[in-house]
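Asks: Take a look at the letters that make up each chain.
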Amino acid sequence: MRYAIVHETHYAYAAPVALSQQLLRLTPRALPWQRCLAHRIDIDPTPGERIERDDYFGNGVTQLQIAAPHQALAVVAHSEVEVSAPPTAAPAGTQPWEVVRDRVRVIGPNPSLDAAQFLYESPQVRCFAELAEFAAPSFTPGRDLREGAQDLMHHIHRSLEFDPTATNVSTELHEVLALRRGVCQDFAHLMIGCLRTIGIAARYVSGYILTTPPPGRPRLVGADASHAWVSVHCGKAGWLDLDPTNDCVVEDEHITLAWGRDFSDVTPMRGVTLGGGEQRLTVRVTVTPTENA
Amino acid sequence: MPRELLSAYPVAGERYDEMFSAPATPRPHWARLYADLQRASGRLMRERVETVAREIRETGATFDVHADPGAVDRPWDADVIPLILAQDEWAEIEVAVTQRAQLLDRILADLYGAQHTLREGLLPLALIYGNAHFLRPCVGLETPGGVRLHHYAVDLARSPDGHWWVIADHAQSPLGVGYALENRLIISRVFPDLFRDLKVVHLATFFAALRDSLAHWAPSDGAAPFMVLLTGGLTTDGYFGQAYLARYLGLPLVEVNDLTVRDGMVWLKTVSGLRRVHVLLRRIADDGSDPLELRGDSATGIPGLVDAARRGSVLVVNALGSSLLESASLFGFLPALAERLLGEPLRMPSLATWWCGEPAAMEQALARIETLIVKPAFPQLQFEPVFGEDLDGPGRDALAAQVRARPNDYIAQERIQMSQAPVWEAHARGNRLSARAMGLRVFVCATPGGYVAMPGGLARVATGPDTRVLSTQRGGSSKDSWVLSSAPVSTFSLLRTSIGADDLVRTGLDLSSRVVENLFWYGRHVERCDATARLLRVALGRLTGRAAAAERGWPAIAELLADRGLLAADGAALDDILVVRALRAAVVDDARPGLARALHELSQIALRLRERMSTDNWRLMQTMQRNLSRRHAGALALSDAIEELDQSIAALMTLAGFALDGMTRDLGWRFMSCGRRIERLEWMCAILLSATAAGRSGEIEWALQLADSSVTYRSRYLAKPEWLPVLDLLIRDDSNPRSIAFQLRGLNDYVQRIGRTVGEFHDERIAAAVDALNRMDPTRDLDPQSPQLRALLVEWQGAAENLSELISQRFFSHVAEERRESVSA
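Going down the list, the sequences are from chains D and U.
So in this note's numbering, the last spot in the first sequence is 293, and the numbers never skip.
So in this note's numbering, the last spot in the second sequence is 1118, and the numbers never skip.
These are computed hints drawn from the structure, not numbers from a lab.
Note that the Cβ used here is the ideal one computed from N, Cα and C, for glycine as well.
Errors might be hidden in some of the hints.
Computed list of lysine to any residue pairs in SDA-like fashion (alpha-carbon distance at most 25 angstroms, straight line) [what the hints assert, rightly or not]: (1) Lys668(U) <-> Val106(D); (2) Lys668(U) <-> His70(D); (3) Lys562(U) <-> Ser990(U); (4) Lys562(U) <-> Pro123(D); (5) Lys562(U) <-> Leu630(U); (6) Lys562(U) <-> Pro69(D); (7) Lys562(U) <-> His70(D); (8) Lys562(U) <-> Gly48(D); (9) Lys668(U) <-> Ala116(D); (10) Lys562(U) <-> Leu274(D); (11) Lys668(U) <-> Gly199(D); (12) Lys236(D) <-> His409(U); (13) Lys668(U) <-> Gly277(D); (14) Lys668(U) <-> Ile107(D); (15) Lys668(U) <-> Arg126(D); (16) Lys562(U) <-> Ile898(U); (17) Lys1013(U) <-> Ser990(U); (18) Lys562(U) <-> Arg105(D).
Facing chain D, a subset of chain U residues (Cβ under 7 angstroms, in silico) [to be verified]: (19) Arg429; (20) Met655; (21) Glu656; (22) Arg1113.
To spell it out: a stretch of chain D is covered by chain U in this simulated footprint if at least three of its residues, at any positions, have a beta carbon under 8 angstroms from a beta carbon of chain U; those stretches are [stated by the list, open to error]: (23) 1-8; (24) 61-73; (25) 137-143; (26) 198-204; (27) 237-243; (28) 274-287.
When you get a sec, could you build the whole thing from the sequences and use the hints?
Replies: Set out below in structure tokens:
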């Protein structure tokens, strides 16, 4: 599938901002199943300094500095992306989940650095006993990891209600578990927390999904802003992307921006401003299919 | 008598005794000190102990225990007896700690680089990837010369067999080095002969090496590098030590809000604009360093600092991310890492430590849990260490279950029976030594030629006869540590003895705006204290004098007192007993407006300028405050109050003398002087407005006293005060440093000079005031009934406050600029 994506972020400030420093993670990742055909980020006012680099996880970062006083900031990312389904999306058995767990846990030469990055607690994903309990019914002894992970995804989808008013970007996992409601970020964090607590590596993926569904298919939830889902480390089989908000395996309707341990690693736009007073934020995302691949 | 000296000295038993090899038999390197103590009279020792206590008090050395909100600033405690280390013994320590610094530096380079140690399984991934202090944005960050650990402190303890063990690493910033310096200064003064005769190795060379090495690695393209010491501020642990170190090294002490990152470079905000910083010696935590890339729990830090370090435009010391090494969970892996990274065995063992994330290690630890201490494996985990011996059977089972549930989170450590060192029993009768458990903190710095250690270090002593944890937060004491040498020692010292508002360059252009703001308000407050003290003295003098002339002036004095909140508005009508009571309280009670409060405010500002004030200056201020609070506690006769005021006024004049005599005339001094003159101008206008309110019938003697001009007047006119000459002396005579003319001309000159230095700064109103002063007609205007005079006084008073505003807006406003963080999905 081909998509045209426009991701707009507008800040309006009550008072002039003297200095603004921003980090953008708005550039789609290049992946074997995802190609970025065109990409540009328009910024108003024009930044005094703009630097492109990659972060620790290999995500593209655009770094801005605006030192001229301004009362509004507009960042508009335009991307044209071609996506096919990741190879792991095709149904296939993996390994019993305990085998994968024990493999990453072993201490010795040649460990799996790639998986271990995503195995431990991170700023927004703590691991605690209730998460293990939540995951237990899905991970019965000897069960295939893929099966268990998909079952956990169903369980989360059934247990949580999508509610944009219940949580915010810094809501803790304990709270999400108590409220049983939240947005895609909370769905993803909960699933990652469950997986890591039982010893399975899982990463947080930020990206987009189709905002206007093709005829005959339902509109996906969480389409009006950037989206988030989970990538599960399935041992030798590689990483499997699952979207607990929509209860589906990620195929060609998800566009990947960046991945990290949790939201805090891949925040689409993070900044510090000097002055500015009260700020008003508007975010708008549109994803339109341009042609059928 | 040795018998008395050792009457309370505990037998070492299982411990190693630093001083004695057998009861009453000192080790050879302690013999001289022991002989000195045996010879010393009770009086001499009391004097020595008092000297230590006084030095600590008067130099204001405090260890701020901010963790306990109820605690007041507690003086840093130093024992009078130094710890003595023999030359060969020290040589072994030195070799071991410098090796360890090099090893830790290599580990840092690897973990923030290629991560071979992880790939080869030399370090478990969980210990690094699961550690919140492993800062991913700092991976791949190059550092000048490849050095990350420039400055390092390590805690050592000596086991009963006499061997030293490492018990903790301080890799982020070496806490306590300032206190070590301070202790050395004090204790070497207490035993001057011994210090010289024993050829104690001096500390200065170490600090010179530190400073020169930082300059060597500074990315300044060959220009003189600008180095600053970044403190977490007044409320952080060890602020005093940081200020002390900054003064010793001659570095400006700055706070995070003084710095900004622009175009990938770090800048200091100064009154004359931004000044590029090349070296940042930081005393703030990794995760509080950059809110943009390193998000800690708090939003503090300098946004963009990681990026500046990434671009190599600033040398951050230690490198960001170094706190990763502060975890004792690495201890067990260091021997293999030393072999792998240095190709040599680890010279000094670390305290035996089991990381429970290794199943075998966990089983070993749990099997002997009653002899171990269980601690968090990661800095992000907050729980108190648990002593296995404190637990009963079920308690141990519960602990074991906890560990098994999350093995990665726990380490178990052996306990070490620390050595004991002699301490002086200051409160005992006669001369008596006791002994306390002791650990030694050693400081190391990187130089282009390798790591070097500060000879000696900070010995830390437990509070009670047997304490399991040494902690300055928990009230431990400290000792100076002497390393003896057989060669002559270098006596060079870095410490400057004179006051300098700016230790580095002559112009003061690199003073941070915050420091300049504090200097400005310091100037105003010194003057405010002086005015308050003089007003109270004149008022109290009137109550003892009972002269008819004084009676005539009372309403005007009462009005001035009321203006300053020293007396109720109807003070003029009160009877003498009530007035005396109120004024006495205004002298000593800092809970109400008055001298004690004004001095307290002054010292709060001075505290923020701590590293810029000489010890003499500071000592004086501490003494003044302490005297007042002592008086406050006791009953205060009227004569005592006046005596107190006399002393305070003399002390304030000495402070003013320091400013006049001891400070370089740089930009900081100029702002401070502006503050003084603005305050003095306002006050002189207020005095004259009150004095002339009653017209010719008013009394003027007290106005001369308030303005400290009685002597000048009498020597000049040899007559009873009369209006015309008094007003001339107080207004137009610019040879009188209290006159309005002196203030106005001075301010006008300062404004012009500041404008020339930093560009574009004018004050039309002060310039106009000088014109008006020049145009005054003495016969018409120097008359208490002249409406022109009143109008001018009112205008000048306004011009003073206006200039204060102008200065604040132009130079200090960005100090307070508000910073916000934003996150958008």
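Asks: All the hints need checking, so say for each whether the structure fits it.
Replies: Status of each hint after checking the structure:
Pair hint Lys668(U) plus Val106(D) holds up; C-alpha atoms about 23 angstroms apart against a cutoff of 25 angstroms. Between the alpha carbons of Lys668(U) and His70(D) the distance comes to roughly 50 angstroms, so the proposed pair goes past 25 angstroms and is violated. With a C-alpha separation of about 54 angstroms, the suggested pairing of Lys562(U) with Ser990(U) is violated against the 25 angstroms cut-off. This hinted pair does not check out: Lys562(U) and Pro123(D) have alpha carbons roughly 32 angstroms apart, beyond 25 angstroms.
Between Lys562(U) and Leu630(U), the direct Cα distance comes to roughly 43 angstroms. Violation of the 25 angstroms bound is thereby established for this hinted pair. Of the supplied pair hints, the one linking Lys562(U) and Pro69(D) holds, its CA atoms being roughly 18 angstroms apart against a limit of 25 angstroms. For the hint pairing Lys562(U) with His70(D), the CA-to-CA distance comes to about 21 angstroms; that is within 25 angstroms, so the pair holds. Between the alpha carbons of Lys562(U) and Gly48(D) the distance comes to roughly 20 angstroms, so the proposed pair stays at or under 25 angstroms and holds.
Between Lys668(U) and Ala116(D) the alpha-carbon distance is near 24 angstroms, which keeps this suggested pair within the 25 angstroms criterion. For the proposed pair Lys562(U) and Leu274(D), the alpha carbon gap of about 14 angstroms is at most 25 angstroms, so the pair holds. Between Lys668(U) and Gly199(D), the direct Cα distance comes to roughly 23 angstroms. Compliance with the 25 angstroms bound is thereby established for this hinted pair. Between the alpha carbons of Lys236(D) and His409(U) the distance comes to roughly 22 angstroms, so the proposed pair stays at or under 25 angstroms and holds.
Taking the CA atoms of Lys668(U) and Gly277(D), the gap is about 44 angstroms. The hint is violated against a cut of 25 angstroms. As the CA atoms of Lys668(U) and Ile107(D) are separated by approximately 21 angstroms, the hinted pair is consistent with the 25 angstroms bound. With a CA separation close to 20 angstroms, the supplied pair Lys668(U) and Arg126(D) stays within the 25 angstroms bound. Proximity of Lys562(U) to Ile898(U) is assessed by CA-CA distance (about 19 angstroms); at most 25 angstroms being required, the pair is judged to hold.
Restraint check: the Cα-Cα separation between Lys1013(U) and Ser990(U) comes to about 14 angstroms, which is no more than 25 angstroms; the hinted pair holds. A distance of roughly 49 angstroms separates the Cα atoms of Lys562(U) and Arg105(D); the hinted pair therefore is violated under the 25 angstroms criterion. The beta carbon of Arg429(U) comes within 4 angstroms of a beta carbon in chain D, closer than 7 angstroms, and the hint placing it at the interface holds. This hint is violated: Met655(U) has a C-beta 12 angstroms from the nearest C-beta of chain D, more than the 7 angstroms allowed.
A cut of 7 angstroms between beta carbons decides the hint on Glu656(U): the least distance to chain D is about 14 angstroms, and the hint is violated. For Arg1113(U), the interface hint holds, the least distance from its beta-carbon to any beta-carbon of chain D being 5 angstroms, beneath 7 angstroms. Check on the region 1-8 of chain D: 0 of its residues sit with their Cβ under 8 angstroms from a Cβ of chain U, so the three-residue criterion for coverage is violated. Counting residues of the region 61-73 of chain D whose C-beta sits closer than 8 angstroms to any C-beta of chain U gives 3, which meets the bar of three, so the coverage hint holds.
With 0 residues carrying a beta carbon less than 8 angstroms from a beta carbon of chain U, the region 137-143 of chain D misses the three-residue requirement, and the given coverage is violated. As drawn, the region 198-204 of chain D meets chain U at 0 residues by the rule of a beta-carbon pair under 8 angstroms; below three, the given contact is violated. Interface restraint, the region 237-243 of chain D with chain U: violated (0 residues with C-beta to C-beta distance below 8 angstroms; minimum three). Against chain U, the region 274-287 of chain D contributes 7 residues with a C-beta closer than 8 angstroms to a partner C-beta. That satisfies the three-residue criterion, and the hint holds.
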